[in-house]
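Here our numbering = 1-based position in the sequence shown + 572.
Honestly, I wouldn't trust all of these hints.
[Claimed, not checked] Capping the alpha-carbon separation at 30 Å, the derived lysine-lysine pairs in DSS-like fashion look like this:
no.	residue 1	residue 2
1	979	1132
2	1159	911
3	979	1122
4	1109	1159
5	906	1003
6	1070	1132
7	969	1159
8	972	906
9	1132	1003
10	1003	1070
11	985	1132
12	1172	1109
13	962	972
14	1061	1003
15	1172	1159
[Unchecked claim] Pair ranges (Cβ atoms, derived):
no.	residue 1	residue 2	range
16	1165	1059	30 to 36 Å
17	910	675	19 to 25 Å
18	965	880	36 to 42 Å
19	1092	910	39 to 45 Å
20	880	1156	56 to 62 Å
21	675	1181	55 to 61 Å
22	681	1165	25 to 31 Å
23	1155	977	39 to 45 Å
24	939	907	14 to 20 Å
25	912	681	34 to 40 Å
26	1131	1192	32 to 38 Å
What the hints contain is simulated information worked out from the structure, not anything from laboratory work. C-beta: ideal position from N, C-alpha, C; glycine also.
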Amino acid sequence: MKFSPLILLLAGASIAFAQGDVSSEFKPGQSSPAQPAPANSGGSSAPASGGGNGGGSSFLGKDTPVFDPGSEIVSWDGKNWNINNNRLLEARFEKYLNAPPAVSSADAEYQKLLQTIMDKLAPGRVTPKSSDEAFQLLAQASQYPDDARLCDAIANQVYSAWLARKNGDRVNAANRSLEDERKRLEWNARVTAKENALDKTTGGSAKGSNAAATTQSKQLENDMEMQPIITRLAEVNALMKANQLKKEVAELQVKIEFQALIIQHFLQRRFQHVLIGTRFYRSIFSDGDSQLRVGEDAKSLFAKTTGMPPTVGTLDSTANEIIRDVRQGIDAFKFLLEKNELESATKRLAETFLIGEYLPEVRTLDREDKRRALAFVKTSNQLISAIDVKDYTLAEKLVKQLGETAKDFDSSKPTAAIETARQVSAMHIAKARNAAVSGDKATLETELRSATQIWPRNPALTEVSGLIFSQADVQSRALVDFDQLLSQKNHRQIYDDKMRFIAATAMYPDKQEQLRQVLDEMQHIETAIIQAQEIEKRGDYAGAWESAEKAFRQYPDDNKLNQLRADLTTKAAEFVRALRQAEDLEKRNQPGSSLAWYLKAQSAYPSSDFAREGVQRLTKELFPDSI
């Protein structure tokens, strides 16, 4: 069924329902409801795609809600909002996760009562007796707190419908009496007409003026005798038509009120009460008229989301399908929880809660299972907040924690944000240090300000700020910078300023040895960079990337090498993606899938050492006897 967009709007639709008109075809104040009007002249607004009366209130606002599954954005009544980023829904979801399960004896009795009511009203089994018994059970069900007196509302509406039916029977009895009177009057009129014809025949033998006078007198007498009969006959016919019209008006009004209650329960996501309401509706109104009296925008919404016209049957089938979907969602949540895939499990539970908050499958979920999902939600929200305030130290800790908690947690985006901030901040700090050594105060302040904006709580920023302003001479500053860069493994900065550090360490043999090791390492890195650039010039981007990757795996902290590697990654994207996917699957102990990706990487770049070694390694693991 195509009801997904409708379901996504159920959480907020009850607000719009309270503001709009339920029916655009009949209102109690209309004087001629025998022929329903085609539209509500003042209450409905035009559909979202067209013009029309845009100032009025309608069933769901001024336009039909539209859901974009790609961006998860809902456009509704001229406003856009993300269904996954809504404070009201988040607060309600967290309240549910902390709530105890509804597994008490009272909860079980309540659910048993609702099921008994639905069974007594089930199609094919409903009888006047079972309908009366179901009506009596509504009063019992309404006493439970979880019901929120909704069964009372249904009972009141059923009672009103029964009263309207009784009034209709009285109208029918009155019409039968009027029909008898109408037949008597018609018989009297026919008898009188025959007597008049006989009098005319008898009086025809008279002659002259006496005959004319007699005829005129008889005609006047006959007219006076017929007039009360004709007048009363017209009154009886008018009364019969008025009574029939009153009966139709009363029945239509009761139908509209009953439909409004069912729709209200549907928008409140009380799907069990929707089924009870639709079954009572069918048992009371057996004339086959199940069309919903709703506005044009609501008709369009039902047609687009369910693929069917708006009827009581549509609400019934959609409610049943939603109940089934909720059960599947809970089963999926439990399975994912067993597999320790908390991210997917939490998403499935949130989706299920959104549409089935009041269904027993959701309300009886174990509290400990919900608490696991709650812990994941809180940590995820804390991670988002940490990245928002640029506390990357805490963010890195939370990413690691989420990765250990949830097997399916995707850490690529937060990790990329953290690493980018770390590298850019390190670059600004290095520039600030150089500016301090050279005495460039303006550049020093600018770079420190930039580093602070990128990572305000960077531990290196505090250390560097203190070191920069505490140095007395160039040599002391150089030695402090050397130690600082060495502790940060920022060998690139040491290499770029090697002449300054060579001079500064001339009197310190231990530091000279450290500097020599750094310079030797950087020489290897520079050689690898030059080699990769030469391979790149030949158009062999995959080979250039692999050359840079080999150096990166040995020296992962060099900024220049990282930048070259990043540039080459985009140029050899297909090969890099296949190789990374293969390595990731290998780490997850999925050798078969990993081997397939290694082979794909090898087909993209046959000379790849990484792909060749991976194929050999996994082939040996999968087929040890073949080697």
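Pairwise hint evaluation, residue 1070 against residue 1003, where the allowed Cα distance is 30 Å at most: holds (15 Å)
30 Å Cα cutoff - pair residue 985, residue 1132: Within the cut-off at roughly 22 Å; holds.
With the threshold set at 30 Å, check whether the alpha-carbon distance from residue 1070 to residue 1132 stays at or below it. Distance ~16 Å between residue 1070 and residue 1132 Cα, so the pair holds.
Could one say that the CB atoms of residue 1092 and residue 910 fall in the range 39 to 45 Å? violated (53 Å)
Verify the CB-CB distance for residue 1165 and residue 1059 against the hinted window 30 to 36 Å. violated (41 Å)
Return holds or violated for the Cβ distance of residue 681 and residue 1165 against the range 25 to 31 Å. violated (51 Å)
If you draw a straight line from the CA of residue 1172 to the CA of residue 1159, is it 30 Å or shorter? Roughly 18 Å separates the two Cα atoms, so the pair holds.
Do the alpha carbons of residue 1132 and residue 1003 lie within 30 Å of each other, as the hint requires? Holds - the C-alpha atoms of residue 1003 and residue 1132 are around 15 Å apart, at most 30 Å.
For a C-alpha distance cap of 30 Å, please report whether residue 979 and residue 1132 respect it. Status violated; Cα separation ~33 Å.
Within a Cα-Cα threshold of 30 Å, do residue 1172 and residue 1109 meet the stated pairing? holds (25 Å)
Does the Cβ-Cβ separation between residue 910 and residue 675 fall within 19 to 25 Å? holds (20 Å)
Using the Cβ atoms, figure out if residue 965 sits within 36 to 42 Å of residue 880. This hint is violated: roughly 55 Å between Cβ atoms.
Violation of the numbered hints given earlier is confined to hints 1, 4, 5, 16, 18, 19, 20, 22 and 23; the remaining hints are satisfied by the structure.
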